[in-house]
Amino acid sequence: MIRLKNVSKVYQIDNEITFYALKKVNLEIKKSEFVSIVGPSGSGKSTLMHIIGLLDRPTSGQVFINEKEVSKLSDNEISDIRNQTVGFIFQQFNLINKLTALENILIPTIYCRRKLNFDVKARALDLIKKFNIAGKENSYPNKLSGGQQQRVAIARALIMDPPVILADEPTGNLDSKNGEIILDLLKKLNKEEKRTVIIVTHDLDIAKKTDRIIKIKDGQIIGYE
Amino acid sequence: MVRLLVMNKNYFLFIIKNAFSDLLKNKLRAFLTTLGIVIGVSSVVLLLAFGLGLKQYIADQFNNLGTNLVFVLPGQVFNRSGGFSSIRSSMTFEEKDFQNLKKAKKAIDVVPIFQKTTLVKALGKEQAATLYGTSDEIFAVRNLIPKYGEVFKKTDLEKKSKVVVMGPEIAEKIFDNQELAVNQKIRIEDQTFKVIGVLESKGGGGLGGPNLDTFLYIPYKTIFNITGKKNFTTFLLKAESEKDIEDLKKEAKEIMLKRYKEDDFSVADSKEIISTIQSIFSVLNMVLVGIGAVSLIVGGVGIMNIMYVSVTERTREIGIRRALGALEKDILFQFLFESILLSLIGGIIGLAISCLIVYFVRFFFPALIDIKSVFLAIFVSSAIGIFFGIFPARKAARLSPIEAIRYE
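Quick note, the sequences are listed as chains A and B, same order.
Each step along the first sequence adds one to the number in numbering that gives the first Met the number 0, with nothing skipped, and position 33 is 32.
Each step along the second sequence adds one to the number in numbering that gives the first Met the number 0, with nothing skipped, and position 191 is 190.
These aren't lab readings, by the way, just hints derived from the structure by calculation.
The structure displayed is predicted, hence computed values, not measured ones.
Wrong hints could be hidden among the right ones.
With a straight-line Cα cutoff of 35 Å, these simulated DSBU-like cross-link-like pairs (lysine-lysine) come out [stated by the list, open to error]:
(1) A:Lys114 - B:Lys24
(2) B:Lys193 - A:Lys128
(3) B:Lys394 - A:Lys4
(4) B:Lys54 - B:Lys260
(5) A:Lys4 - A:Lys216
(6) B:Lys24 - A:Lys67
(7) B:Lys16 - A:Lys142
(8) A:Lys29 - B:Lys328
Kindly produce the complete structure, drawing on both the sequences and the hints.
The structure is reproduced here in structure tokens:
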């Protein structure tokens, strides 16, 4: 499904200091896998996630999605993959405050130029119901609790029915009870809907709930569990 | 897999809704930003409206003084570049010319005029005035109607009667009361004249046209009798209709060329004179409109400034949209639409304010907002939105998604 080959990400701080966020990372994540990427802050795990999610490009190396090399694609083509193949979930939820919950969920459908073969609004309302936030569709994000906001964000990640879900510290801004709910949701997305779910976290307890743990430190993968 | 910017209905609704909610979220800011465009557009539209009004006013003034008129004047009236010649000829025409011009087939009336500045004395007062020694046809040709008393007739001309018809302004100045002026005696050129009539006001003067309200009309034969000279300064020829004007001008010119050189006289019609006066004012008006346009540019810079602020404030939003699949051009279009909307709203408000002002001004001045000004206002404000919005919008579009989403 997703394969990284010798991927490096280098930041040139100034003439003398170069910083390796990732050093020749090789990684494969199979279809319908439930994996976590774990490491302390500064380990390069966020950079790795951004590269997997096509938000960032590697300095060198190749990224394959479904055996197609994507690291050399144009910005428009990459935007398309982000739109249709990857669903993002962020630590800070990243909802747009001036849009209602429903409008937030619908954003990806607006940017999709492909004719969609489903009723986007009906699907959004289904997701709202499924995630237990019915009645909140016309509320603005600042009127929702953190847990509710994150469920809106997950609904948004799912609206285009992407095969891959990328979650960056999805429980980081939530209390343990709400964090639990979100993790259960992500697990269901993998077990029941067969989506590839990748969770990036610094918390090993969370990582242990996934099927495979990829440990990263100083820009390199140091082991699997 | 290259995606084209396929514009579907939802996409447009979304962009429009987003832009409006952004503007409404910062109402005061949007209002202040728009104000620059409001002021710019209204100053340009109003100046254009006044310019058009001025043209109309000048044309009205002339048409008020008779239509389908051809003037035969001494010397060159127009200079080579189309303006009025600054050289005044001291040459005059003679009785013979009058008789010759009367033979012009296309002329239904020929009115001779001897014009002179003079002093009027009455009731112990002295007043400078313009004296018109002319024939009785002048009243018909120039639409001059007596308000009190009557105008002089052919018999007064033939009998060389010492009668005078006064413009209302000069009558008012001397007698304080136009009605009382009738049948009074006044002294002109050391002779006593009887006032037989006071004319209706024609208004005008000032903007190139003569102010007929200050004139004294006397039979030309009476003047010739007093001064002993038999000169005319102008001939007024009336054509039957507008289409005869060119023929009449040609005819008049041929007649005059028999006795004079080409440079010694001019033949002009009221339209030429109107358009020459109008073109002088047009230049002045365009300069003013240009100055007004500067305020539009200032307004545009205001929009650009606020759009840059908006891009910075919404960096994170841009990042989120990019992460969810927005193309660079989607972001570009979103911000560009917002700046166009700001500018266009300003343009429409400016236009509305101008219309309101012009509506009231029209009670005393024929200011006019024509369809061209309306399109110009809409077009220019949209263009300003695009021109000054494109740079901030490009900045927004070129933000890297990862930098944008990390932005706090």
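Which numbered hints does this structure break? Checked against the structure, the hints that fail are numbers 2, 6, while the rest are satisfied.
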